[in-house]
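Undergrad: For reference, the chains in residue letters:
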Amino acid sequence: MVAKHKGELRAINSYEVERDPYLVDWTQAIELGMVSIGAAVLGSMLGLGGGVFLVPIFTLFFGIDPKLAIGASAIAVVTNSVVGSTVHLDSRFTNLRLAMLLQIPTAAGALVGALLAVRAPDRILNGLFGAVLTYAAVSMFLRRKVSHVDTSQDPDPMMLGGVYHDPASQKEIIYVPRHVRRGLGISGLAGMLSGMLGVGGGVIQVPAMNLVMSIPVKAAAGTSALMVGMTAVATSFVFYADNKIDPQVVLPAMIGIFAGAQVGSRLTRKVRTDRLIILFVLILLYLGFRLILEALNIDLPSIR
Amino acid sequence: MLRYEFYLSAVVLAVGAIWSLIDRHPLSPTVLPFQEIPGAILDRNPSALIDLGILIMMLTPVVTALSIALNFSRLGERKFVTITLGVLAILATSIAISLLR
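So the sequence lines, in the order shown, correspond to chains A and B. Here the working numbering is used: the first residue of the first sequence is 1, the next is one more, and so on. Here the working numbering is used: the first residue of the second sequence is 1001, the next is one more, and so on.
It is worth saying that the hints were derived from the structure and are not from the lab. Nothing here was measured: the structure is a model prediction, and the numbers come from that model. Keep in mind that a hint or two might mislead.
Claimed, not checked - Covered stretches of chain B (in silico footprint by chain A; criterion: 3 or more residues with CB under 8 Å from a CB of chain A, positions within the stretch not fixed):
hint	region
1	1022-1030
2	1080-1086
What the hints assert, rightly or not - Anything over 12 Å on all C-beta distances counts as not near chain B; from chain A, calculated:
hint	residue
3	38
4	137
5	149
6	154
7	166
8	170
9	171
10	292
Using N, Cα and C, we set each Cβ at its ideal position, and we do this for glycine too.
Required output: the full structure, derived from the provided sequences and hints.
TA: As structure tokens, this is what we get:
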């Protein structure tokens, strides 16, 4: 039986709790850590970050309260962003001016989203998360094209243009973002979803930057990597204020996401992820539908 | 800056986790409020050190935003200093909410 809440999970484990609480805590922490590694490997291979998988897996298979899972995921996203950003900043893929401009609606959206999330019923959060996962799966399945628009000669009155060296083509890439106002609007939406669900928001922001603002994918990913950390900060402090940061869940998630992202980034270089895309899409769809069914109070046979 | 703060958080977390393991101390189910953490560390509570590591990690992007604002200031880019201060104001609001806990 899948426990609906952490309290119930503990009740199910009551025999073990009576036997040795120390053993139970650390055993569960190791399990969560291992699962977080898997989530981060999948997430980084897909370029989605681990949070997209972390919350549904913690909620569906470990019976962890969705809000505790979202709080843990937000801090794991901060960890991943801090580590990833150092690499992107060194490579000059991060456009700091653009990141700070887009960060205003993103962080504001995340703050509002987090304040809504701590008061929202779990069913609403599960349903929303299920919808976002389904969207991610469908867009991943359909997304085959990446925008390569040359914007290097565009006027840049807002001084948001960037330049970086692309190691693949051995060229200096110059770009000027287009449709900035539309980008600001999308960032606000991405921030709100991120705040509500504890995910980085890159799943919306990177394609939007590339397809709407004509920013090269590497610059979009580098800029987003820095932004998601700041966005998750706005979320995590709201959850901290509401006592929804549980070190028993956060610590294994942080360590697992960090370790998994390292493995995932190395695997991505060796494995043709496009061949695995159908499998990933099916996993996302499965988790999305499970969460939607959970939101609708429709029980499925448990896995754990 | 980003890297050093990450290392600091990782070291504090690792020390807290190892101390908890040695003391056979179960992980706490909640993070203590800011103001209670120093006292709890002085009371030799390893969970408080883990809480501190988590909070350092949560604050890392805030310090990054602050250093970005200083860099823009050094470059004389007043518009982007203002924008970055706007980001910091939103993050500070979030932190203020947690202080009112």
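Undergrad: Each of the hints needs a verdict: does it hold here or not?
TA: Outcome of the hint check:
| no. | hint | in the structure |
| --- | --- | --- |
| 1 | 1022-1030 | holds (count 7) |
| 2 | 1080-1086 | holds (count 4) |
| 3 | 38 | 21 Å, holds |
| 4 | 137 | 29 Å, holds |
| 5 | 149 | 25 Å, holds |
| 6 | 154 | 19 Å, holds |
| 7 | 166 | 23 Å, holds |
| 8 | 170 | 27 Å, holds |
| 9 | 171 | 26 Å, holds |
| 10 | 292 | 29 Å, holds |
Hint compliance for this structure: every hint is met.
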